[in-house]
Amino acid sequence: MTAVATNQESLLRNFILENYLFTDDQSKLNNADSFLDTGILDSMGILELIYFLDEELSIKVESNEMIPANLDSIDNLLAFIAKKQA
Amino acid sequence: MTTNNYGLDPVLEMDFDQEVERITTRMREILSQNLHRRGFVIAMSGGIDSSVCAALAVKALGPKKVFGLLMPEKDSSSISGDLGSLLADHLGIEYTVDNIAAPLEAIGCYKWRDDAIRQVFPDYSTEWKNKIIIAGGIDGQINHYKVVIENPAGERFEEVLPLKAYLTIVAATNHKQRIRKTLEYFHADRLNYAVIGTPNRLEYDQGFFVKNGDGSADIKPISHLYKSQVYAMAKHLGLPDPICNSTPTTDTYSLEQGQDEFYFALPYRKMDIALWCYNHAKSASELADKIGIAEKQAAYVYQDIKAKRKTTKYLHLEPQMIEKVEL
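Protein sequences appear in the order of chains Y and B.
Position 52 (the first sequence) corresponds to 52 in the working numbering; numbering is contiguous.
Throughout, the working numbering is defined as the position within the second sequence, counted from one, plus 86.
Worth flagging that the hints you see were computed from the coordinates, not collected in a lab.
Quick caveat, the model's predicted, so the values are computed rather than measured.
Label pairs and their computed distance ranges (CB to CB):
(1) Y/Ala82 to B/Leu253: 24 to 34 Å
(2) B/Val256 to Y/Ala69: 24 to 34 Å
(3) Y/Lys84 to B/Asp200: 28 to 38 Å
(4) Y/Glu62 to B/Lys382: 19 to 29 Å
List time: in silico SDA-like cross-link candidates among lysine to any residue, alpha-carbon distance up to 25 Å:
(5) B/Lys399 to Y/Leu17
(6) Y/Lys60 to B/Ile220
(7) Y/Lys60 to B/Pro248
(8) Y/Lys60 to B/Gln205
(9) Y/Lys60 to B/Asp201
(10) Y/Lys28 to B/Ile408
(11) B/Lys392 to Y/Asp37
(12) B/Lys410 to B/Ile305
(13) B/Lys197 to Y/Tyr51
(14) B/Lys297 to B/Leu253
(15) Y/Lys84 to B/Lys232
(16) B/Lys392 to Y/Asn19
(17) B/Lys250 to Y/Glu55
(18) Y/Lys60 to B/Leu253
(19) B/Lys382 to Y/Thr38
We put the beta carbon where it would ideally sit given N, CA and C, even for glycine.
Next comes chain B alone, as it looks inside the complex (with noise of 0.2 Å):
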């Protein structure tokens, strides 16, 4: 096995040549056999995943064939359309930039999510920014949620969310990925084209998805591969320094906000170990040597794996009939 390590951890270790030759061959035998499109529409954000799955369409299909969509709204950081912008040049790929704030406003997805922040913070305006971030699963709690906002001045404030106010900013913000993914049906209708989804491993283990929104898709060519995995395979493709070095952000709200503080209970990095740890019944202790923390806390993020996936299972769910219906 010729191997590249990327700086990964030796039980994340792959042939990159041969993994990429892997997927490729099935998205196009999954394209031509189960979907029957003729190409891939892509949404991208600029972050590493949705780089790596444009160009591993653009591997399978070659450029003409793949479809890019850059989606901002009010709270994207420019950062994000600048990187997709980059990526559809360097792939050489069509695309197309349709902001979405205007459908967003309409449906009233600012509103109702500043109307739930002001349950808790009355003083709370557009003009502030705003976040919410996780807690309690790395401490043994329930996982809960806290909102923090920001206002003009820079002065930062965090409070509990109630469970109401929080599913509401949820529900609101939840708007975002299924507005974007109308849009990417829309191209893939016009096109005869399937659409990508993009989720890694821990993503898709864990549940950190939309239903009917980022989770909806034809094909998703990366949902095996731990985010480690994805970050040495864009730099084993060789897309751009900037995409390869960006850090993983939801790019959902208008503080900047990190997956982990917002979903996973430790850094991807090390979340990635957790996860694979998990997956190959390795104890608690074992966890907690190889990524540097204590017993303790690597029980707790094995409590927290199992919570989520508890929880989210709902999300993978096909609709559930009565009975099944024979086609």
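One chain only, chain Y, in its complex shape (with noise of 0.2 Å):
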């Protein structure tokens, strides 16, 4: 994994610990953990998640795009992010 992926990991993953689980113990969150099927994010928290990835990495997320196999996991959404990227 490149260092700017590595960031980003670590930026999405402490964005989802702090604002959703209150927590800064990494063990509480697995890259594949899906955020809708744990119940960590629901759909109004995937709209901050999409508000959230404008804001700090300047991707813009398109309505057809807007699918859980986009966003809805850590492993998901570097995925995602790449495809942008690349």
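Fit chain to chain and form the complex, with the hints in mind.
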């Protein structure tokens, strides 16, 4: 994994941990965990995440990209971001 | 069972005489044994749900123990008021008309909303009309929201709403339901009555209500009935035709807005069947056959039902306590 990707991973993980789980305990979130299935985020939470991607990483998520396969876990997010930035 | 199906899908058919008897008996029991109040206050929007609730309240207690409220504001359709007073006269109940535009203006409802719309459309002004529409769920996407505006020349413009603007518009317009509830409880306190909440099953299940607004009530007599059953019951109770034939709208935004545009994935008749099928563990392909949509879309509708339950669970919760306090 490149340094940029590692930074993105930690940025995203910390955003989820701080804002939705209210902890800095890294063991509380696995990169493969589905945000929706585990109840960490609901659909409003995903919209907040989309806002975060725009603000922090300048990634605009189009309507047709607002699907769980792109946004529903840290792994999915990292793959989506890599595709958007390619 | 004597059934008159009123055009209902067979799975939603019921014996309406029996159901009216069951609901009104429970309303009396709840009022006397749980709530200890002397009558009911009901806000009448002119829509089907509040009209049926008002009629059931009158069936339960007689017209002298039911007090009606009509609470229009700047964006209400004039038809709503006409239907509300038509119903009150039909039922023979006492009612009052309290226009809530001034208190809404005073607490900034319209200003906050319009400022938020201007984040997307800087030229938007108070003479223009607006509404919010939902998008995504029916296509398998995360639900998101768009604002539609119309200028005085009748030209329409539509844009995806950024999250903060969307939340602000909803928060501002939620003032409408909360101010109405404040007035309902004023009259309930004054008369020692209980407040009726009017959600049907679709609204209750999918969280289509404002917390501490229309979601707040002492009793919810039709929250177990699907919307098409509520329409059928209106006919069964002999309510005036203009009410029985009214289209469900939110009556919250100045542009006409169907409930399915704002919140539900499908028009209510199909949505009722979708929720019924979901509740009875029917497959997406069975749902698709029943309402004439593609199986993939039916699967998205199920996904949307599940997502809305999850997102709106918070609306149903009582205040959470650290530990149970025995009373």
